[in-house]
Each structure stands twice: as C-alpha cells, then as structure tokens.
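> For the record, the sequence lines run as chains A, B and C.
No gaps in the numbering here: position 234 of the first sequence is 234 in this note's numbering, and each next residue is one more.
No gaps in the numbering here: position 65 of the second sequence is 1065 in this note's numbering, and each next residue is one more.
No gaps in the numbering here: position 156 of the third sequence is 2156 in this note's numbering, and each next residue is one more.
Take the hints with a grain of salt, since some may be wrong.
Said to hold, decoys possible - Straight-line C-alpha distance at most 25 Å; calculated DMTMM-like pairs for lysine to aspartate or glutamate: (1) B:K1022 / C:D2112; (2) C:K2114 / C:D2152; (3) C:K2062 / C:E2215; (4) C:K2089 / A:E299.
As the list claims (entries may be wrong) - Simulated coverage check for chain A against chain B, where a stretch passes if three residues somewhere in it have a Cβ under 8 Å from a Cβ of chain B: (5) 153 to 159; (6) 185 to 195; (7) 207 to 216.
Said to hold, decoys possible - To give a feel for the contact side, a few chain B residues facing chain A, derived at Cβ under 8 Å: (8) A1080; (9) F1084; (10) L1143; (11) M1193; (12) N1206.
No lab work stands behind these hints, which were simulated from the structure alone.
Glycine included, each C-beta is placed from N, C-alpha and C at the ideal position.
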Amino acid sequence: MAVYKKTYRPYEGKLTPGWSRFLVIPRYAFTEFHGKRFLSLFFFASFIYPLICALIIYVQHNASALNLLGVQGQGARGLISINVTFFMNLLGWQSVLALFLASFVGPGQVSPDLANNALTLYLARPFSRVEYVLGKMSVLAILMSLMTWIPGLLCFALQGYLEGWQWMKDNARLASGMFFGAWLWILMLALLALALSAWVKWKPAAGGLMFGVFFVGSAFGAVINAVQRTTWGNIFNIGHLVGVVWVQLFEGSNRTTNGAVFFRATAGEELPLWTCWMALAALSLICLYMLARKIRGAEVVR
Amino acid sequence: MQPGEVQLWGRQIAAVLRLEMKKTFLSKRGWWIYCLAAGPVVVTLLHWLVMMRPRSGFNHHLGDDSIIFAGLFQLFYLRATIFFGCMGIFSNLFRGEMLEKTLHYYFLTPMRRELLVIGKYLAGLSVALVLFVGSTAAAFLTLARHFGAAWSDYLYHGPGMSQLGSYMLVAALGCVGYGAVFLMCGLFFRNPMIPAAVVFVWENLNPFLPALLKKISVIFYLRSLCPVEVPVPPPFSVMVIDADPTPAWLAVPGLLVLALILLAYTAMSARQTEINYGE
Amino acid sequence: MTETLISFANVSRFYGEVLGINNVNLTIPPGITSLVGPNGSGKTTLMNLMTGLIRPTQGEIKVLGIAPEHPEQLCKVVGYCAQFDSCPKGLTGYQFIYWFLRMHGLTAAECDRKTNAALERVSMTAAAGRPVGAYSKGMRQRVKLAQAIAHDPQVLVLDEPLNGLDPMARAETIALFREWGQNGRHVIVSSHILHEVDQISDQVILLSQGYVVAEGEIKGVRDEVKEQPMQILVRCNDPGGLAARLFQQDHMVEAKISRDRKGLLLRTTDADSFYLLLNKVILETGLEVESIAPADDDVNSVYQYLIGGEGGTV
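So that you can see chain A by itself, here it is in the shape it has in the complex (with noise of 0.2 Å):
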C-alpha cells in the first residue's frame, strides 16, 4: 500500500463571526441589485414623497416661506396639518412602492436558486436553511426599511426637532407606530415574497402571484361580503388587516381615522382587532411552512 506523505492542512487562520455569515447573501443581491437601472431608479423615486413631506413640514415652520406664500398665524397649521393623518399617509404611501419593489425584487432571491439547483451548493457549507432565509429575507429588510420607517422617522424627527421636545413626548406613539407598523409590513412582504418565490420557480410569475394574492385576495373578500352580507371577508384583504392594525398602533383606543391611504377600512366595516392579529399570523406560519418545504438541499420525487 503507498504511503504518502501527509502535506494537506486545513485552514486555520480566522474566521468570521458565525452570526454574520448569512450577510453574503445581501452583499452579492444589493451588487446584483444595482446593476439593474429600472429597479435603482424605482428606487430612488420612491424617495420623492418623504421629500415632500419633509418640504411640507419645513415649509410649516419657516416663517419666510409661509409669507411667500401668504398664509400667516394659525392659517398656516391648516395648510396641511403634521399629525396622525400625515404620518400614516406617508407610511401608508410608502409601504404600497415598497409592494411593488418587493414584488420585482422577492421572486428574484428564491426561484433562479432552485431552478438552477443552488441550493444544494449553499446548504452544502456550514450555512443553515435558517441563514439562507435570513439572508434573503434581509435583502427586502433592507430596502424596505430605507423606503417606509427610516424616511418616516426621519421626518418625525424633523417636526420633532423644529416643533420642540413637548412634542416630540406628546406624539411618540405615532414614532412607534411608524416603525412597528412598518416592519410588520416588511415582514409580511418579505416573507410572502420569498415563499412564493420558494413555491414557482420561476421569477415572473411569483412576482405575478405577489399581486395576485393581494388584489386577488382583496376582490374575493369583497366577493364575499357582497354574497354573505357581510364583514368578514375582508380577511383576506392583507391590506385591510394591516391598515386596521397601523390604527391600533398610531392611535391606540383614541380612533381618529380610518387608516392610512391604500390601507383604509370603512368606517364599521373594520374587522376586530385580534382577528386582524390572528389572521396575519396565520398568513406568516403558512408563508414559513412553504419555505420549510421548499428551501432544501434536495428535491425528493417520490
């Protein structure tokens, strides 16, 4: 028997934390990402509105602007008014683009990898099912967080700044219900987005089932109610029950409006707030029982 000598090392020089090893996937997307210039420029336009709200609440405080345009002392507060009603709007306004990104951009995380049997190359190293799914599911994070509750915030911020601390104590509430109802929106999105993309294979028609399942979605409820004379059906109007659970969260008990734009539920019409919960809920186990399924290292035929 040859007897050769042993010359092969493994590797012993340093590691990266393992806790950050899943941030591959959004390094090699967002390079993907900007090479493509219709999704940078969606992008980058979807931050026009949070602009002009920025605009507006500068314009509100800024005593030279308001005589340009010759509203003076409490006329000026009524021009637009910064409370509930503009923040949900601008998260409201913001969380419909980001739909959109997220359904030119989600189907594009799973499917090629399954199509093109990656999986079986990534859970091949030392990376879990539950890092690929991070990973994938940071890329829509990231992005959306950059288009709802950090240009929300920052316009809280703003107004908060150049109306003074008291305010800023008053309204917290509308900066917490900027940033939880954003992320729930984002992991709703993120994670239908990938489930979908997990359940096609095929890019342009998870993005097409993205639409589906919301406007789909929402004209069955109404189907529904329609028939049954009802209020019921609007749970499966994701939007519904998210716009019902941004109320609860901008205004607590103290119910002022309907909701955000795209968001709102007539007034009476609005499902009970645990249903909402309940229902979101079920809609995230479903969307992790499809990735549980999908995201394997091989597909087993039987």
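Given chain A's structure and the hints, the job is docking chains B and C onto it.
Just chains B and C now, kept in the frame of chain A:
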C-alpha cells in the same frame, strides 16, 4: 395536402392535448387553478347553506342577488379569476417548457409547429372552459337557490336561463380571448408578466378611456354581452366615459376573429422559435 | 447518393457576437462519427443545427436530403439525445417515451410496442413505472436515450450520451452504437472520453473554437498531421541495434529504448521510409520482431496535436 394528412394532424393534436392534461392539469401542480375556480362557488354555496337555516325571512330580494352576481361576475370572474387563471394556464404552456428545459422534446417530434401551438392552446382552453364556465354556472345556480320556487320560476320561466347562457358565453369568450393573448405572450416574452400587467391595467382602465380606445380591449366586448349592467361606484363614476355597447352579432365573431389572428401569428412565429434556455 | 449523407455547406452560427461555429463544410457518411473538441468548441451547436433546434446564421444544412426547416419530415428520421438533464415533470419513464411517440401519429398499440422495446434496449423496463423525477442521473440518461431511439430513426445524434452511466451501462450503450453503425445508420456522438471514441468511431470530427480542425478516419487524420512525427512502438530482440541503424536516416527524430530492453519507441517524420528500412534490417540482420504498432494513431494523440492541452489550436 395529402389524404390521411388531416387525420395525422388530428392524432398529433390529440396527443399533445392528452399529454398536457396528464402533465399539468390533472396533477397536483394545477391545484391553484382549481382553487381560483372553486372560490366563488364555495362562497355562493355557503350563502345558500346559511340562508337555508330556519329563520323568519331573508334580508334581501331575488333581484338583489341578481345584481350581486352581475357584480361578482364582472368584477371578480372577468377581472380576476378568468384573467389570472388564463394568464397562469396559457403563459405557462410554452414559457414553462422553456423554464424546465423540456421544449426541445416537442420540437424533436415530426409535428408541424403550428399544430403544436394549436394542441397546447386547445389543452389550455379545454381546462379553462371546464373550470371557469363551469364555475360561473355553478355559482349562478347556487346563489339564489334559497328562494326555492321563486328562483325556479325565475330560472325556467323568467330571464334566468338566458342570463345564465349569457354569462357562460361571456366566460367562454373570455377564456378564448385571454387564452390567445397569453399564449402569445408566453411564446414571445421571457417575462410574460410584463405584458400581462400592461393588459391588466389597460383592461381595468377601460371604463375611463375614450370611446375609440375602449374598443381596443377584450373586456369592452365581454361587458357588452353581460345581461346585467354594473355601474362604476362613486367617486370613480364621474370619470366614466360612456360608449355604445357593441351588439352581440358583432362582439362574438369579433372576439373569435381576434383570437384566431393571435393564434395564427403565434403559430407562424413558432416555426421560427429556437431552443435557447439561457437566462 | 446525397440522401445518405448529412451535409453542412458553409455553415456559420453566431450567438450575438459569440461564435458558435464558423464556415463549416462537412459531409457525414453512415457509421459512427464522433465529435471531439474542448468545451465551447461548437459540438452542441453543430448537433442543434442538424436537428433543427437552432438555425444557421448562414449556410445550408441537409440531413439525408431534408432541410432542418421541415421538422415534420426531419424528425421522422432523426433521434436526438440532448445534453439537457431535464425531463417533463409529472410523467413516468414509460409515459415520457409513449406520449412523445404518439406525437409521431402512431397508434396506441404501436407506441406501446415501441416504448417497451426502447425501454428494454436500455434496461429500464423495471423502473419504467416510476416518475422520471425520482430517477438517478444514470437512469435519466438511459430513459432519454430510449426516447431518442424509440421511433427507430435513421440518424441518431447523441450529445455526451455516456454521462452518468455505470460501466455496465456504458458497455451496453456502446454496443448499441456499434450495432446501429453497422446497420448503415448515422450515429453522431460527442464525447470527451477519447479512448471510447477511439474504440467505436468510424470517423472523427475535431472541433476547436468553432472551427472544424480535422475530419475523417482517425488514421487518415493522423497521417495528415505532418508537423508531428509519427510514434511507432517496435518490440524486438535488439532494439539498440535497430536504433543505431535508424539514426543513420534523416527522417528519424527520436528513439527511446524501453526498460525491459525489448521495446523501441521511435519518432519519425516518414513512416513509410521507416517501414521499408525495417524490412531491410530484418532481412540483413535476422532481427526478431515481436510487434509493430503506431503509438499515436488514436484520437487522444490527434486531439493533443491539433487542439492542444490548453484547449486552443496548435
């Protein structure tokens, strides 16, 4: 054309049809299409079961249910179920094969490419017709069933059957028209969702378009054939531009001719299609 | 006569700016023809062109007198086992072959008979009832081969057909190719396994970077490579003496005596002169020659000479 050639073509088309049924539609992979078709039927069935419970009376009239079905059909069936269902069925017929790298098996059979297109279209159409026309009929027949004799009277001695026939015809024409559109999109575009999105937006903007532009859509003719009109709710109603509805004798052949033209173009283009599975 | 040939006349194919094949002129007679070349040399492009899956940018192709633009005629006589390791989902091995046979317009009974015959030919009868998605790589390869031969084509085009096959299956498949080649059919095989190509091929086509570098019988191709001296191995009782006589000739380049002192590996630029000289030496000295054989008269050597180890053209 040689004798026996037509029979050969028929056998080949039948083989494609049966293979598609076996591969996609009669398998677990097609479950979502069944859900899409079954959804409204389940809702109307539940409505019937709820209304059949012993109670003092109904809180609505037969006419209300007729209006509700008209809304359900025009706003849900036409714009969601049939549209998205046909998009999923037909755009997948060729694009799905390219994605799975199996289209070359079809191209390596001694079958004219035009016949392949026809066979695939017929496979998709037969499934779409059975599911969506069947679903329309089932939903219509169960929606007001709880009215008992009044409903039977409405159906057999009133306008019920004629309305049912109209809805089934519109659903069938929708499958024919959208099927041809999405089959073409699936063959021509790497990402058929983009033209599908364009078509979706165009079709939904139809009530607000000028009269001439209205006529360049499938849904305008389909709505003309619906027996009950559903008005656009406020505040959007102020933006609606009315146009003379197209008579049935023009709308039906017009849609069929449109579908035939699209199919013919797709079939001719299939002859030039090359196998290229790259991204 | 041309109806027994596959011909390429000035055929080029570009993928945008990337060259697939350029100015290819070929005629492929019946028998086993191997396409040999490094990755990206144009083998698959050539196969896709002759089966009609892609069209040439310029030039004309005829397969047994049929243009690939008429798949309804071409695909009756051509069977193609492509490189794609994919089969339609949701079908068993039997169904995969059966339903594509039905598209030939054959009756159900005839398709059933041919399907079973093809499955038996590739030893897949036992697994025919299982979904193709559940097959191993070798099983998928065999069922693809069965699908390509089921309709009994005159021309069989096979893109790396031995991939994933175990040794027994390889031997059976090679036997199938030999049988088909001997029956007067065209069997066109692309492979990287050069010693197998050597064993089975009647002719070889060498490709490199989209160009046909050489075509023909292996020995004929080797003879044309005049820049590379022929290597000949002679087993005899006096290799040293033979070498001394040979070095008196200008056409001798190199001679190596083997370790056992009974073999001489020589390189000569004129093999014919060497053989004449060898006869003379044998008669004059009574040299006992055990064997004489060309040492580089094979595809591997020709590949190295013409295409080179780096993959480029020498």
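> For each hint, tell me whether it holds in the structure or not.
Hints, verified against the model:
no. : hint              : verdict
1   : B:K1022 / C:D2112 : holds, 17 Å
2   : C:K2114 / C:D2152 : holds, 9 Å
3   : C:K2062 / C:E2215 : holds, 18 Å
4   : C:K2089 / A:E299  : holds, 13 Å
5   : 153 to 159        : violated (count 0)
6   : 185 to 195        : violated (count 0)
7   : 207 to 216        : holds (count 6)
8   : A1080             : holds, 5 Å
9   : F1084             : holds, 5 Å
10  : L1143             : holds, 7 Å
11  : M1193             : holds, 4 Å
12  : N1206             : violated, 16 Å
The structure fails to meet hints 5, 6, 12 from the earlier list, while all remaining hints are met.
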